[in-house]
Amino acid sequence: MLALEKLKKAPDGKIDKNKPESQGISVFSHRHTGVLDVKKIFSRPKSLKDVPFHYCPGCGHSVIHRLVCEVIDELGIQDRTIGVPPAGCAVLAYNYFDLDMCEAPHGRAAAVATGIKRMLPDHVVFTYQGDGDIAAIGTAETIHAANRGERVTCIFVNNAVYGMTGGQMAPTTLPGQVTTTSPGGRKPLRDGNPLDLSAMLALAAGSVFIERTTVANPKGVNRTKKAIRKAFQAQLDDKGFSLVEVLSPCPTNWKMSPVDSITWVEETMSKIFPIQVIKDVA
Amino acid sequence: MSLKIIFSGFGGQGVLMMGYVLAYAGMNEDKHVTFLPSYGAEVRGGTANCTVVVSDEEIASPIASSPEFVVAMNYPSMVKYQNMVKSGGTMFLNSDLITEAPSREDINLCKAPVNTLAHDMGADRSLNMVMLGIVAATTGMVSKEALLQAIEKVLQGKKQSLIDMNQKALEAGMKYVADNQ
Amino acid sequence: MSAKTLMRGTHVLGEAAIRSGCRAYFGYPITPQNELPEYMASEFAKRSDGVFVQAESEIASINMVIGASATGARVMTSSSSPGVSLKQEGISYLAAMELPAVIVNMMRGGPGLGNIAPAQGDYFQATRGGGHGDYRVIVLSPAYGQEIADMTRQAVDQADKYRTPVMIRGDGMMGQMMEPVVFPEPIDPASLPVKEWALTGAKDRPSRIIRSLWLDPPKEEELNWRLMRKYEAITEEISDQEAYLCEDADIVIVAYGTAARIAKGAVHRVRSHGVKAGLYRPKTLWPFPGSLLASMSRDLDNIVVFEMSAGQMVEDVRLSVEGKCPVTFYGRPGGVVSTPEEISGVLTSVSAGKAKKSA
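Chains as they are written, first to last, in the working numbering: chain A, 1 to 282; chain B, 1001 to 1181; chain C, 2001 to 2359.
There may be inaccurate statements among the hints.
[What the hints assert, rightly or not] For lysine to aspartate or glutamate, the following EDC-like pairs were computed, each having C-alpha atoms within a straight-line distance of at most 16 angstroms:
| # | chain 1 | residue 1 | chain 2 | residue 2 |
| --- | --- | --- | --- | --- |
| 1 | A | K279 | A | D196 |
| 2 | C | K2203 | A | D98 |
| 3 | C | K2203 | A | D73 |
| 4 | C | K2203 | A | D122 |
| 5 | C | K2203 | A | D79 |
| 6 | C | K2161 | C | E2237 |
| 7 | C | K2004 | B | E1029 |
| 8 | A | K46 | C | D2204 |
| 9 | A | K239 | A | D280 |
To be clear, the hints were calculated from the coordinates, so they are not data collected in a lab.
Quick caveat: nothing in here was measured; it's all calculated off a predicted structure.
Given these sequences and hints, build the entire structure.
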C-alpha cells in the first residue's frame, strides 16, 4: 500500500480520493521527452460500488465479484444487466454490484432470474450463487432453468462448505472433509458424495456453456474472467443457459490459513472438481 | 321459477354439451344459469354428468341434491340418479340403452329411443340434441329459439353442416314429444 | 364491457387477468385449477406480449412470479391447496419485498393431499399470512362467476396499488362451474403508471435493489412497521362484505364463497317459514370485514357461522362480535358440500333453541 500511495501522489504531489484515478494503480514511464506519462492499468470497475467488502480474508468472493463487474464493464451492459444474489455469504452482493439487483429466496435464484429474463428478454440476467444455494436447495430450479435453456448466466461459487451459516457440510463437501455437521469427515455412504452439479447441467439440452475454474491462483483468475465473459456472451447471443463454477477458497470455515486454503483448492478440491470446460456448444 | 336438471351418461354421448347448450340458451333468455360439470377423478372411467340450474332468481347452490329432472343416457346413470329425482319430477331415459324402469312410483318417466331417432336422420352423434329437444319440449325450461341460437353459439367455428345437423336433431326431439303426446 | 358469455370460473380468472393487463403467468399443474394455466397458455400463445411458463414446481413458479413482478409486470400464478402451501415461502418474500402479484387458490379438501372436492380449509393459511414473518395478504373471496371477473380486476389493481400479494380464493366447484359473465374493458399495460421501483436496468438512473433482508434489526423493524401501516390502510380502505336481508334479521349466517351461496338459499327457505334470517358474506377474508357485523350483533339473537371446514373463519367472527351475541359454528370439512336444506335445518334449530331460551 505504501508503494501505491507514493505512486498516486507522484503526478501532482497530492492525493485526491474523489478522483477515480486515485483509486487505481497507475504506472509511470519515463520517455525520452523527459515528461512523466501516466497510464492507468488497474482501477475499480464502474459496475462495482466503491465500498469495502465484508468478506473474510482469503475468501474468493471479492475477486469473483470484481471479475463479474470487469466483464460487465467490458461488454458495456451495466445499464441493462440485472443480478440475482443468493442466500449465503454473497447475500449482500447487491451492496457491491452497481446494478439493478433482486434478492431471491435460498436456492431460487434461477427461477427468479427466469421471471426477470422472460419479461425483459433484451436484458442480461445473471445469478450469483454458492454451492449450498445452487446445488442443494436450488438443484431443481437450476436444472430446470438449464433444461429450458433460459438465457441466463449463473456464477456458481463452490467452496465445498456452507459459509454463512458457519461451516456445515455442503453438497460439494469432499469425502473425508471435516465440517461442523460432518465432524469425523464426510462419509459417502452416510452423508452422500460430492455432487457435480455442473456435469449434471451439462446433460441438459438447454445449457450451452459450462466451465469450471478457480480463483485460487492468478492463472485461474484470468481463466475465470474469460469463462465469465464467454458465459455472458452466450447469453447475449441468445444461445441458452450458461454457468461458470468457480472453486473458491474459504479459509475461515476450512480452518486454514489463506495460503493453505489455496493449496487445498489446487491439490485436493480440484481433484474431485477438475478445472475444465465441461460443455461448450455456444 | 328455479329448475334443476342433471344430464348423465357415458363419455361420447355428448352429455356435457346438452347441459352447456341448455345453460347457454337460459343465459340468452336473461335467466340466471349455472352449469356444473363433473370434474377430476370423477370423470375418469368414462362416465360424465353435469348439472344445470335455470332460474328467475339468483341461484344459491349449483348442486342439485333433488333435481326436478334427470336425463339418463345409459343404464348405470339411471341406477345412480333414480333416487335423487324430486318427487313429482321427471326422469328422461334413453330407451335404446335402458330397458328397465326405475323403482319409483312418484316420478314421471319420459322414454325415448334417441339412438334410433338420431340414426334415422343420419346423425348418430346428435343423439344428445335429440334428447335435449325432448327435454325442452317436455319441461319448457327454455324456448326453442334460444336453444337453436345456443347451438349456433356453442358450435361457433365448426362446420355449418354440423350446426345444421344439431339444430335439426333438436327439432326432431321436440317433434317426437309433440307426436307422442 | 364484453358481451355476456357463459364461462367456467378458471377461464374467467384468466380472461379477467389478461383484460386487467396481466401479461405473465407462471404455474404448475394441480387439480382442480388446471384449466386456468391451460387458458393462459393458449391465450398467451396467440399474442406476442404474454409470457407463460409451466414451472417445475409451485416453488419455482412463485419465484418466477417474484422475478417477473420485480420488472414491474402484472403477474399471476395459481394452484390448489397443497401447491399453495409450497408457494408460501415465495409469498412471504413477495410481501417483504413489497412486490405485487395475484395468487389464486382453488381450494380442495385437506389436509395433506386431501381430495379435489370444494372445501375451505385454507382460511387460516390465507388470512394469517401462511408463510413466515409478520405479514398479511389481501384475500378476496368471490362467490359468483361475475364476481370472479370483478375481483380479478380488483386483485390486480390492489396488488399494484399497495405493492403487495393478493390472493383470490375459490374452490373446485367455482372453478368448474359456468355462469354468465360480463368482462370489464381491457387495460393496455403500457397505459399503466410507470413503477418507479421496478428493475429495468440502471440506465440513466441509480441502480435499484429489491430485497427483504435487513441485517440491522432497527432497519428490519422499520420494514415491519411500514408493512403494518400499509396493512392498516388496506383494512381501512378495502374491507368489504355483502349484508343480505340483515336489516330485520334475528339470526344471521356468516359464510363466504361457495358456502355463502348455499347459506343464501337456506336464508330464503327459513324466511318462507317465518324465521327472520340474513346472510353476512365477507368478500374480503383479509382484511376481515368485521365492523358492520359487530355493530349489528347487538340486535341479533344468534349468529351462525357456516364453513366448508372444521371452523376457521369463526374465530374472526368471534373476535369481531366480542361476545355481544352467541356464535354457533356449523361446518362440513373434507370436500362435503352441504345443501341449502341442510343449512336451513341448522338455522331453524339454532333459532328455535334461542326462542326456547328466551321463552
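Checked hints:
1. A:K279 to A:D196: 13 angstroms, holds
2. C:K2203 to A:D98: It holds: about 11 angstroms lies between the C-alpha atoms, which stays within 16 angstroms.
3. C:K2203 to A:D73: Between K2203 of chain C and D73 of chain A the Cα gap is close to 14 angstroms, so the pair holds against 16 angstroms.
4. C:K2203 to A:D122: Satisfied, since the Cα-Cα distance of roughly 13 angstroms is no more than 16 angstroms.
5. C:K2203 to A:D79: Given that 16 angstroms is the threshold and the Cα spacing comes to 4 angstroms, the pair holds.
6. C:K2161 to C:E2237: 12 angstroms, holds
7. C:K2004 to B:E1029: At roughly 11 angstroms apart (the allowed maximum being 16 angstroms), E1029 of chain B and K2004 of chain C satisfy the hint.
8. A:K46 to C:D2204: 14 angstroms, holds
9. A:K239 to A:D280: Holds - the C-alpha atoms of D280 of chain A and K239 of chain A are around 11 angstroms apart, at most 16 angstroms.
Comparing the model with each earlier hint shows no violations; every hint is respected.
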